[in-house]
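Chemist: Go by the hints and put chain B onto chain A.
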Amino acid sequence: MKLPQKLVQRAVQVGFLLSLLLAWHLLTATGMVNPLILPTVPSVWKEFTLLVASGSYWPHLRITLYEYFVAISIAIPSGLVIGYLVSRSRYAIRVFDPLFSSLYAVPLIILLPVYILYFGLGPGSKMAVGATIGFFPVVLNTIAGFGTVDPLYVTAARSMGATGTQMFRHVMVPAAFPVVLTGMRIGLILAFLSILGTETIVSLSGLGHQIVTLGELLKTSAMFAYIAFAIIFSFLLNWVVSTAEAKGRRHAP
Amino acid sequence: MSTAIRTGGARSAPAYREILARLFGARLADKIARPGATRLIIVIGVFILWEVGVTFFGDPLFVSPPSEVMEAFGGLVDDKAIVGAVTTTFWEVAVGFAMSVASGVLIGLAVGLNIFTRRSIFPVILLLYATPQVVFLPLVIMYFGIGSASKIAFGVSHGIFPIIVTVVAGVQNLSPVLLTSARSMGANRRQILRWVVFPHMVPSLFTGMRLGMTGVLLGVLLAELYVSSGGIGYYTRLYTDTFAPAKVFSLILVLATFAILLNELARRAEFHFNRWRG
Chain A
1 MKLPQKLVQR AVQVGFLLSL LLAWHLLTAT GMVNPLILPT VPSVWKEFTL LVASGSYWPH
61 LRITLYEYFV AISIAIPSGL VIGYLVSRSR YAIRVFDPLF SSLYAVPLII LLPVYILYFG
121 LGPGSKMAVG ATIGFFPVVL NTIAGFGTVD PLYVTAARSM GATGTQMFRH VMVPAAFPVV
181 LTGMRIGLIL AFLSILGTET IVSLSGLGHQ IVTLGELLKT SAMFAYIAFA IIFSFLLNWV
241 VSTAEAKGRR HAP
Chain B
1 MSTAIRTGGA RSAPAYREIL ARLFGARLAD KIARPGATRL IIVIGVFILW EVGVTFFGDP
61 LFVSPPSEVM EAFGGLVDDK AIVGAVTTTF WEVAVGFAMS VASGVLIGLA VGLNIFTRRS
121 IFPVILLLYA TPQVVFLPLV IMYFGIGSAS KIAFGVSHGI FPIIVTVVAG VQNLSPVLLT
181 SARSMGANRR QILRWVVFPH MVPSLFTGMR LGMTGVLLGV LLAELYVSSG GIGYYTRLYT
241 DTFAPAKVFS LILVLATFAI LLNELARRAE FHFNRWRG
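Chains as they are written, first to last, in my numbering: chain A, 1 to 253; chain B, 1 to 278.
Since the hints were made in silico from the structure, they are not lab data.
Backbone N, C-alpha and C fix where the C-beta goes; we use that ideal spot for every residue, glycine too.
One should not assume that every hint holds.
Partial pick of chain B residues on the chain A-facing surface, computed with a CB cut under 7 Å [said to hold, decoys possible]:
id	residue
1	Phe62
2	Pro66
3	Arg268
Using C-beta positions, here's what the derived DEER-type ranges look like [said to hold, decoys possible]:
id	chain 1	residue 1	chain 2	residue 2	range
4	A	Val81	B	Leu127	29 to 37 Å
5	B	Val83	A	Asn34	50 to 58 Å
6	B	Ser181	A	Leu36	53 to 61 Å
7	B	Gln191	A	Val240	44 to 52 Å
8	B	Leu28	A	Tyr66	30 to 38 Å
9	B	Leu28	A	Arg158	12 to 20 Å
10	A	Asp150	B	Val202	29 to 37 Å
11	A	Ser54	B	Phe47	23 to 31 Å
12	A	Leu36	B	Lys80	50 to 58 Å
13	B	Pro176	A	Arg169	28 to 36 Å
14	B	Leu106	A	Thr165	53 to 61 Å
Looking at chain A on its own, in the form it has when it is part of the complex:
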């Protein structure tokens, strides 16, 4: 009997992840590894269920989300506006696009110490890092999206007598939309990751801070539970943003 290919592939994937879990369990349950360094699977699971059931994650998550929303409400509008303004002239694109893409290649996280100096150890410096890092994919894709609208469409619309607003609403926006949407997705994800990262490096509160604090207190099981929580949360965010992108693409204006 020949098993369907799809099933075998799924089995390999699940098997791979399960065997990782099993290896972890065997290493810790037999006492080969100090539980302070790598806690046992059941203890992490217990902490995790406790964490989710008691809702004790909420104060930390709330801070992180607050920082996140401020960061993206700076990064996305400014990226869209600046990107659109630059894309209006081919000359401006040639001047500014290499500038933005070079800066995008710099690991901007190095600005963190400076931001801490300016905005303090609290949420301010995280918002600044998130906004800075989230800005670049948005601005670059907005330039790319609005800068590459097929001239044929523009000429056709103009020859049919489209006004400026009509041109923007019915030609430019629909043509640029998919690329801009992708930029926004990348910006939304990068902003979250960089906020999580800066909280880990130095902070007073938030999810990343909680992970580090628990690690320093050697409460490794609780730390792993928070790590799992942060991973699941960011997968969730990833899924929400990607679904929104796909939906937006289908209902393109």
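Modeler: Chain B in isolation, oriented as in the chain A frame:
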């Protein structure tokens, strides 16, 4: 991301060129109006604004004008500890990058060349790639110590995935026609790898290497900023803590220049190896 822009031909903006022509005459205006020259002028303008703004309104504890940053840069070059720190970071990045490329290409080929592993293992790799790795930073330090090992490990974990993904993508896009015709002409497995798979993989490999380099640099810096006893990340934190902004900014400028140069180099290589496709 921005490679799709078609901007050929836009040598200058007419209105802008006209203003320049009135000021400097037509010959000079043409030179200044070139996008590259204008870009340079904008960058210099930002530095001048920074200089003037900071000299008159800035608090010297928090921000330094570029002239002082340049002066501090001279001091940094003389300081043995700083030179050591910069070398440490570059060394960590180099080792991390070499390890990422070597293992990334091997894993990418192993996964990508076989349809079964590509369909079954590749999604697992994509899942790992999508995992936010920063949350593991405290663990990485716990397991690898605060020295260079943890920085290299964190750099590799950031740099390896883009390389694997682009190698798999490069192998995947291989047209079956090419493979069949190579085989029908009697090529053996090694010859196919060398003359069909390899040339096809190279352009996307360079894309992967560029992304991987950015990843390694990010990973190393994150780990250095988190906890370390040397490297650029450590000294930027030290100098901000001791309110020496001129030194901080000159270290940041060193790093930014390094990152931009590497990126540009990789982009050129990418372009160069893509040319044969026409």
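Chemist: A separate judgement is required for each hint: does it hold in the structure or not?
Modeler: Hint check results:
1. Below 7 Å, beta-carbon pairs count as interface contacts, and B/Phe62 has one with chain A at about 6 Å; its hint therefore holds.
2. At a threshold of 7 Å, the smallest CB-CB gap from B/Pro66 to chain A is about 15 Å, leaving the interface hint violated.
3. With a least beta-carbon distance of about 13 Å to chain A, the hint placing B/Arg268 at the interface is violated under the 7 Å criterion.
4. Here the CB-CB span from A/Val81 to B/Leu127 is close to 35 Å, well matched to the stated 29 to 37 Å.
5. Our hint of 50 to 58 Å for B/Val83 and A/Asn34 is violated, since their Cβ atoms are close to 39 Å apart.
6. Against the hinted window of 53 to 61 Å, the Cβ-Cβ separation of B/Ser181 and A/Leu36 comes to about 60 Å, which satisfies the hint.
7. The hint said 44 to 52 Å for the Cβ distance between B/Gln191 and A/Val240, and at roughly 48 Å that hint holds.
8. Look at B/Leu28 against A/Tyr66: about 53 Å separates their beta carbons, and that is not inside 30 to 38 Å.
9. In this structure the hint that B/Leu28 and A/Arg158 lie 12 to 20 Å apart at CB is violated, the actual value being about 35 Å.
10. Take A/Asp150 and B/Val202: their Cβ atoms lie about 31 Å apart, and the range 29 to 37 Å holds.
11. At about 53 Å, the CB distance of A/Ser54 to B/Phe47 disagrees with the hint of 23 to 31 Å.
12. Checked against the hint of 50 to 58 Å, the pair A/Leu36 and B/Lys80 fails, with Cβ atoms roughly 38 Å apart.
13. At roughly 44 Å, the beta carbons of B/Pro176 and A/Arg169 sit outside the given window of 28 to 36 Å.
14. A beta carbon spacing of about 55 Å between B/Leu106 and A/Thr165 agrees with the range 53 to 61 Å that was offered as a hint.
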